[in-house]
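Work the whole structure out from these sequences, hints included.
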Amino acid sequence: MRRVLSGIVFLVLLALPALLALPVKASSQQAYQDYLYQLDVYRQTHTDFQVAKNEYEKFQSLTSESTALAKTITMLGARDMLLKSYLFLLNEKLNEDRGLSQTEKQLYQTVIGSEVKFLAEHAGRIPSIGSLEDATVVSRELESHYIVLHASLRRTIAGLVLGNLAIQSRQFDSIVASAKALVGANRGAFALDKQAIMDRWMLQIDNKRSLYQQKINAITSANTKLTGNSLDDIDRNFTKILKDAGEAKQYLIEGTSYMGELITALKYQD
Amino acid sequence: MEQQTTLPQQPTPQPTPPLTSGPPPAPPPPMPPITPIALLDRLKSPYGLTAGILLLLVIGSLIFATTRKPVPVPIVPTPTPTLMPTPTPVRQPSAIATQSAFLSLEASVSVLISDLNTLTLQDPSLSPPVLDLPLGFKQ
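Chains S and P supply the protein sequences, listed in that same order. Numbering-wise (this note's numbering), the first sequence opens with residue 1 and increments by one. Numbering-wise (this note's numbering), the second sequence opens with residue 1 and increments by one.
To be clear, the hints were calculated from the coordinates, so they are not data collected in a lab. Any given hint could turn out to be false.
[Stated by the list, open to error] If you want a taste of the chain S side facing chain P, the calculated C-beta under 7 Å gives, among others:
1) L149
2) G188
3) L192
[As the list claims (entries may be wrong)] Straight-line alpha carbon distances no greater than 16 Å define the calculated EDC-like cross-link-like pairs of lysine to aspartate or glutamate that follow:
4) S/K194 <-> S/E261
5) S/K215 <-> S/E247
6) S/K180 <-> P/D123
7) P/K138 <-> S/E65
8) S/K267 <-> P/E106
9) P/K138 <-> S/E133
10) S/K180 <-> S/D206
11) S/K117 <-> S/E141
12) P/K138 <-> S/E55
13) S/K243 <-> P/E106
14) S/K215 <-> S/D244
15) S/K84 <-> S/D34
16) P/K138 <-> S/D206
17) P/K138 <-> S/E57
For each residue, glycine too, the CB sits at the ideal point set by N, CA and C.
This is the structure we're talking about:
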């Protein structure tokens with residue numbers, strides 16, 4: 001009996017490393033799957049709602065009215081759930097982000113939290129809908145708030161873009177610091193004209209870093225004030241932010257290519 | 001001796017006949033038909049003989065050109081240009097080229113270049129859902 005037990009324990013210990021090595025789904029992946037599911041549910045309920053609404057408008061019968069009301073209530077609930085699942089996805093993405101500071105993350109997560117609260121309150125009013133007029137009133141509550149909600153979504157996405165850039169810029173800064181230290185320590189090993197070439201590359205690298213920072217500051221400022229009178233307006237401002245982020249990335253790429261030139265200059269004597 | 005200069009004679013103006021008055025002009029006399037003898041007479045002249053020889057040459061060359069067999073042109077292989085790589089100048093490595101700090105820096109720059117080239121700024125999975133907000137019931 002003891003031998004059997006010790007055998008089982010041995011087998012479990014043997015399998016433990018393999019079990020620990022199993023890929024664990026990231027929370028954001030789980031949240032994304034949930035969002036996709038809610039998107040499917042919403043699309044289905046919205047189709048059912050459209051059919052029921054058309055039937056009601058065609059026949060104006062009591063049966064078609066009650067069907068339309070039931071389908072509207074289901075659709076409104078699915079719509080709130082879809083938006084909530086999307087906000088959870090953004091929240092998980094923020095949790096996993098390595099580029100943003102804790103303060104910046106909290107700022108975006110506070111906004112997400114208040115939007116989730118709004119949706120929860122809105123969803124709480126859906127069961128009390130007793131007529132199509134009630135449904136229209138409850139739906140309008142979300143419609144009137146949606147521009148604010150959409151701006152919050154776009155602001156958070158832009159924040160995540162800034163986080164992606166921050167990871168690269170930190171790596172860039174660390175490499176520049178190492179390069180400066182290496183050049184400083186071995187300056188005497190190179191001829192004067194070679195030293196001048198290295199200094200020029202360092203200056204060019206610093207210039208690109210400075211241009212990158214200016215762009216990031218402009219994006220941060222624009223993102224804080226990201227609003228608009230319509231959804232299209234917000235999307236237009238968001239596209240401008242993305243374009244600026246692309247330019248900031250380009251400055252980093254150019255600065256890194258100059259680092260490559262500096263490396264070549266350091267590598268050879270002549 | 002004095003040289004006399006002759007001026008070109010100016011054409012004397014001819015009086016233009018009146019348009020309507022007078023009898024109509026007589027028709028030109030008919031040309032006599034060209035007989036073979038007359039043709040031979042014409043060919044006997046040096047110009048006619050030259051023209052005849054030229055005509056014969058043209059006809060002969062045309063017949064020769066259409067009837068002769070085409071001579072196969074031997075295919076000369078086009079010489080393929082051989083690529084001669086430009087010799088890379090041998091450069092003297094610096095004193096720090098083998099230092100671990102330098103090698104580490106070189107590797108870091110390569111990694112950063114690769115990271116930046118593959119960096120996608122916006123996560124494509126984060127597009128907000130498109131909603132149809134107003135219910136659209138007719139009041």
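Going through the hints against the structure:
no. : hint              : result
1   : L149              : violated (9 Å)
2   : G188              : violated (10 Å)
3   : L192              : violated (15 Å)
4   : S/K194 <-> S/E261 : holds (12 Å)
5   : S/K215 <-> S/E247 : holds (8 Å)
6   : S/K180 <-> P/D123 : violated (34 Å)
7   : P/K138 <-> S/E65  : holds (13 Å)
8   : S/K267 <-> P/E106 : holds (9 Å)
9   : P/K138 <-> S/E133 : holds (10 Å)
10  : S/K180 <-> S/D206 : holds (11 Å)
11  : S/K117 <-> S/E141 : holds (14 Å)
12  : P/K138 <-> S/E55  : holds (13 Å)
13  : S/K243 <-> P/E106 : violated (30 Å)
14  : S/K215 <-> S/D244 : holds (7 Å)
15  : S/K84 <-> S/D34   : holds (10 Å)
16  : P/K138 <-> S/D206 : violated (63 Å)
17  : P/K138 <-> S/E57  : holds (8 Å)
In summary, the structure is inconsistent with hints 1, 2, 3, 6, 13 and 16 from the numbered list given earlier, while agreeing with the others.
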